[in-house]
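Heads up: the protein sequence lines correspond to chains V and W, in order. With my numbering applied, the first sequence corresponds to residues 2 to 342, in that order. With my numbering applied, the second sequence corresponds to residues 493 to 871, in that order.
Mixed in with the good hints there might be a few duds.
[As the list claims (entries may be wrong)] Simulated DEER-style distance windows between Cβ atoms:
#1 V:G127 with W:D603: 57 to 63 Å
#2 W:E803 with V:A166: 56 to 62 Å
#3 W:L500 with V:L298: 22 to 28 Å
#4 W:L829 with V:A36: 46 to 52 Å
#5 W:D620 with V:E187: 53 to 59 Å
#6 V:A166 with W:G780: 20 to 26 Å
[Unchecked claim] Stretches of chain W that chain V covers, calculated by requiring three or more beta carbons in the stretch to come under 8 Å of a beta carbon on chain V:
#7 550-557
#8 627-641
#9 735-746
#10 838-850
These are computed hints drawn from the structure, not numbers from a lab. All values derive from a computational prediction rather than experimental measurement. Built from N, CA and C at the ideal position, the CB exists for glycine as well.
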Amino acid sequence: MSTSKITYAKALNTALRDALTEDDDVLVMGEDVGALGGVFRITDGLTRDFGEDRCIDTPLAEAGIAGFAVGLAMQGFRPVVEMQFDAFGYPAFEQVTSHIAKMRNRTRGALPMPLVIRIPYAGGIGGVEHHCDSSEGYYVHTPGLHVVTPATPADAYSLLRESIASDDPVVFMEPKSQYYTKADLELPTSTEPIGQAAVRREGADVTLITYGPQLPSALKAAEVAAAEEDWDVEVIDLRSLVPFDDATVEASVRKTGRAVVLAEAQSFAGMGAEIAARVQERCFHSLAAPVLRVSGLDIPYPPPKLEHTHLPGVDRILDTIARLQWDDEPDHTHTPAEVSA
Amino acid sequence: MSEITDLLPCPEPVQLIAADGTAVEPSEQARERGYAMPNPEDLLAVWRAMVVGRRFDTQATALTKQGRLAVYPSSRGQDACQVAPVLALAEGDWLFPTYRDSMSLVTHGIDPMEVLTLLRGDWHCGYDPQATRTAPQCTPLATQAVHAAGAAHGLARRGTDALALCLIGDGATSEGDFHEGLNFAAVFEAPAVFLVQNNKYAISVPLAKQTKAPALAYKGVGYGVRSEQVDGNDPAAVLAVMREAYAHARAGHGPVLVEAHTYRMEAHTNADDATRYRTKDEVDGWTGQDPIVRLQAYLVEQGHLDDARIEEVRAEAEAMAADLRTRMNAESIVEPLELFDHVYAEPTPQLREQRELVRAELAGTATAAHGSNDEKDAQ
């Protein structure tokens, strides 16, 4: 197969196509996945090539789609469900948390749920409300789910293939802003497995930990920091939020001594808080500064003309990195009350 | 598209045996749909299973009062709905029960101890769903309706003629998943049969505050699902109607919704006080509708059942209850480390760490260290 420019969207389409070809038990299903090929065309041509029994247009009912997939998984099928948009997945939340995540556990392993829930998520595309939520925090908080989020076309292909092959349910979060990212890529391809983070840029001074939609901003900020501030930033792409790769993160932070967590999601009680806590618990003696977070604002996703205010950009990342030049000597002269005043 | 007359339920609930045990002539529409008095052997099997099931139910209620079960939702009074639909299933069929359907599980051949594992607090499900073709008892309302639709579609795709029976309560018909389940099953022409056991109360909320529909059975019609209503305290009618529903689904004609009009004689669970929301007169009125008494009177009157056989089955039920008591009185062994075994096919690194913590706690060697520690590692 020749190497060519492959978009993230095309990589996903090819992954679905290859999975459907290799395993008759794989089913693609969701609203508009048939003739339309999905609103982002991720399922383009699959009904044409595999039939409407393999790439199934369903009634418009997210709980129904997820629950129907549960019944099919009980019969040995491997459904790949599309939720169309992040916030459209909320009606299915009970099916995901009460049944898909727990069925293996409830039945002592007798009924695994080998299904994938694809969720186009996050913003930066000028979408109107309910189309840009960063909903990963709801899923990572639920034991029994794997949660992965590829940031590159190669990962999009490889992680989707691995997710479909997994005997556990995978919430597969696709950053919409990356759908048209291109890479020189030969498919099929195999990248690091689920559960392993990737070091996308090596650096010595600070570890910038990110995933999904914010990887491009992280890499851009690292370039600017190197060019203008003489900060050598190491960029880690988590790829998989559950399982979480403590080892790669720990090794990097112990090397650099400083860590910034970058997530597009609102920050309060989110994935960024979890990462910061884990780094602090594990690397406290190596840290020269507190672990800081760069995130979206703690607001409902804003209207398109204001999303630039919400989204963490390169400037906000650089400002946060600058704050890592912490005083060596702790200042004990202020009480907390004075500080807050 | 089906004709609406094919979908509409009979105007009155189908009845074959009256409350006093006498045979009832079915309506013309009921006859057209093939509902006829089942043969004596089948009715005897239903009667026997109800006697055993009722004894299981009263024993479980007693065990709850003794603190052996965390909670028990009784289905006494719904015995005909619990037993007849399950006995009519074929080998490869799947059952999707709720928390109230323990009697159905016992009828389905699942060991009573395994049925009570959930309520005893030992694990979330005591039986193997694959081996028994029975989904775990579902606590969230109506979520199993979409599972049953999906499973039924899966069974049909596999080329079998098996079906999925979904048990549901009247309160659950207000949930979105009930409607999504009916709609999905209809659109995919899945061999799923939904049995609504309308026992008149969703915990304490009466049917009148649950729906404005003249009967829950009408809810199927809007989805293109064949619908029926039956006297849920008439075991013969329940058996006849469910058999026809199964035949319809198995023949590839799509799902069926059956509403059984019945009554829960006990409170919602032992934790509930039913005197707060229903009158003694109402309960007494239903006591006269008892499905076991009704069928037994019919079978005795018809000469199919005598005192010796009645005593024999009563003894069988007592032996089951005694065996259950003995086994329930033994302390169960629960293994804390099993908590980590079934979260994922392979535990995550984080779960491995937590498993090690619990293992150390159990061994009395736990330390405060949780996860790695860079100072310790550096030494």
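field: Hint numbers contradicted by this structure
entry: 3, 5, 6, 7 and 9
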